[in-house]
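Undergrad: Relying on the hints, combine the two individually framed chains into one complex.
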Amino acid sequence: EDKVVQSPLSLVVHEGDTVTLNCSYEVTNFRSLLWYKQEKKAPTFLFMLTSSGIEKKSGRLSSILDKKELFSILNITATQTGDSAIYLCAVNYGGSQGNLIFGKGTKLSVKP
Amino acid sequence: DTEVTQTPKHLVMGMTNKKSLKCEQHMGHRAMYWYKQKAKKPPELMFVYSYEKLSINESVPSRFSPECPNSSLLNLHLHALQPEDSALYLCASSQDGTVFYGYTFGSGTRLTVV
Chain A
1 EDKVVQSPLS LVVHEGDTVT LNCSYEVTNF RSLLWYKQEK KAPTFLFMLT
51 SSGIEKKSGR LSSILDKKEL FSILNITATQ TGDSAIYLCA VNYGGSQGNL
101 IFGKGTKLSV KP
Chain B
1 DTEVTQTPKH LVMGMTNKKS LKCEQHMGHR AMYWYKQKAK KPPELMFVYS
51 YEKLSINESV PSRFSPECPN SSLLNLHLHA LQPEDSALYL CASSQDGTVF
101 YGYTFGSGTR LTVV
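Quick mapping for you: the protein sequence lines, in order, are chains A and B. Here the working numbering is used: the first residue of the first sequence is 1, the next is one more, and so on. Here the working numbering is used: the first residue of the second sequence is 1, the next is one more, and so on.
FYI, nobody ran anything at the bench for these hints, they're computed from the structure. Please read all numbers here as calculations on a predicted model, not as lab measurements. We treat Cβ as the ideally placed atom computed from N, Cα and C, and that holds for glycine. Misleading hints may appear alongside valid ones.
Each computed DSS-like pair below joins lysine-lysine, with the alpha-carbon atoms no more than 30 Å apart [said to hold, decoys possible]:
id	chain 1	residue 1	chain 2	residue 2
1	B	K9	A	K67
2	A	K104	B	K38
3	A	K68	B	K41
4	B	K18	A	K67
5	B	K18	A	K3
6	B	K22	A	K57
7	A	K68	B	K18
8	B	K41	A	K107
9	A	K40	B	K41
10	B	K22	A	K111
11	B	K41	A	K56
12	B	K22	A	K37
13	A	K37	B	K9
Just the calculated beta-carbon pair ranges, DEER-fashion [said to hold, decoys possible]:
id	chain 1	residue 1	chain 2	residue 2	range
14	B	T16	A	T20	46 to 56 Å
15	A	E15	B	S72	34 to 44 Å
16	A	E69	B	V12	25 to 35 Å
Residues from chain B that face chain A, not an exhaustive set, calculated with beta carbons under 8 Å [claimed, not checked]:
id	residue
17	F64
18	C68
19	A87
20	L90
21	T104
The following block holds chain B by itself, in its conformation from the complex (with noise of 0.2 Å):
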């Protein structure tokens, strides 16, 4: 199994729902990572998560919560969210966070917020 698995690859949500988007791998990678593209932008780092713990926030807002129960499974539990937020969530793994051995995206999670 080479791929990383985002689920559900769609999802409109009100601004006073909860939900979560679930990324999932079985490559034996120890790092994984959040993305958010806006249309038309490049992917913008959110979470990394190495060794299933949190090193990196990039100044996320707290209505994103990440969430690693095991090194096979990543979650963003979405709160609260604003229409702003409307984007394709993606989803990455690599073996162990230095890329070197390679980096895979998830097929994304097209949100949005209304």
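So here's chain A without its partners, still in its complex pose (with noise of 0.2 Å):
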């Protein structure tokens, strides 16, 4: 069955900190791998990955996928109380179409 698999569920860390969010995945017929960071509405994306080791950056977030072991992380250096947020990993799977499977999400609270 395909899934996708991230942790931790919830984490909880002061302004400054730095985290890493965990997405582990089993599909068939990889496609890509995107993160997405929901707060009230929309999830907003932020990345898409489908090379391994290839960092992708965008200010203080970044993340990379590992393909033979089948994860990807995202870092958030420096955080600040507006990153507090869900962020999901979602993973585009099978034939021609643009399937998502999403995790369940990683529930992000920053603490001034």
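TA: The structure is reproduced here in structure tokens:
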């Protein structure tokens, strides 16, 4: 059965801390892995990863994919209270469709 | 225009009502999706339209009826819903159904069935 597992499910840190969120997957016909940030409404796109070992970076956020070990990590450095959100990992798999299977998410709370 | 627009943002409907959710994008994307998201859960895929044809129906009850009038519009018609159908309904689009060129979500419609 295809699945995406995120860990931890929740995390509480203080401003300035660095956090690492994990996403492991088991899917047939892997195509890409996506990270989203969800606050009150729709998920907002962060990264899409298709190749192993190539870090994608956007400001204080970065992510990398390991297709051999079937996981990805999302790093956030110097966390701020505005980083508080649910971070969703999704994997695009299967045939020609843009099917996404989501993990349950990691709820990150950044305290002042 | 790099957005997926959903209307209405909020909807309250009775179990005997008929309503529709609308989704629109003008990015030239040819694949559009409906997701349902319950509180504290990840989004669950409901329907996929590829080149205006329904390609995936994830065993969704018939009280949800999707429609794709053209390549920019996607509707979800609702009829005889149950209170457990209350959720955030998300529309998404991608360039050609392969996701490689991005996958954009709309801001969602918060649906409450009373």
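Undergrad: Checking each numbered hint in turn, tell me which of them this model violates, lowest number first.
TA: As far as the earlier hints go, 1, 4, 5, 6, 7, 10, 16, 17, 18, 19 are violated by this structure, in ascending order.
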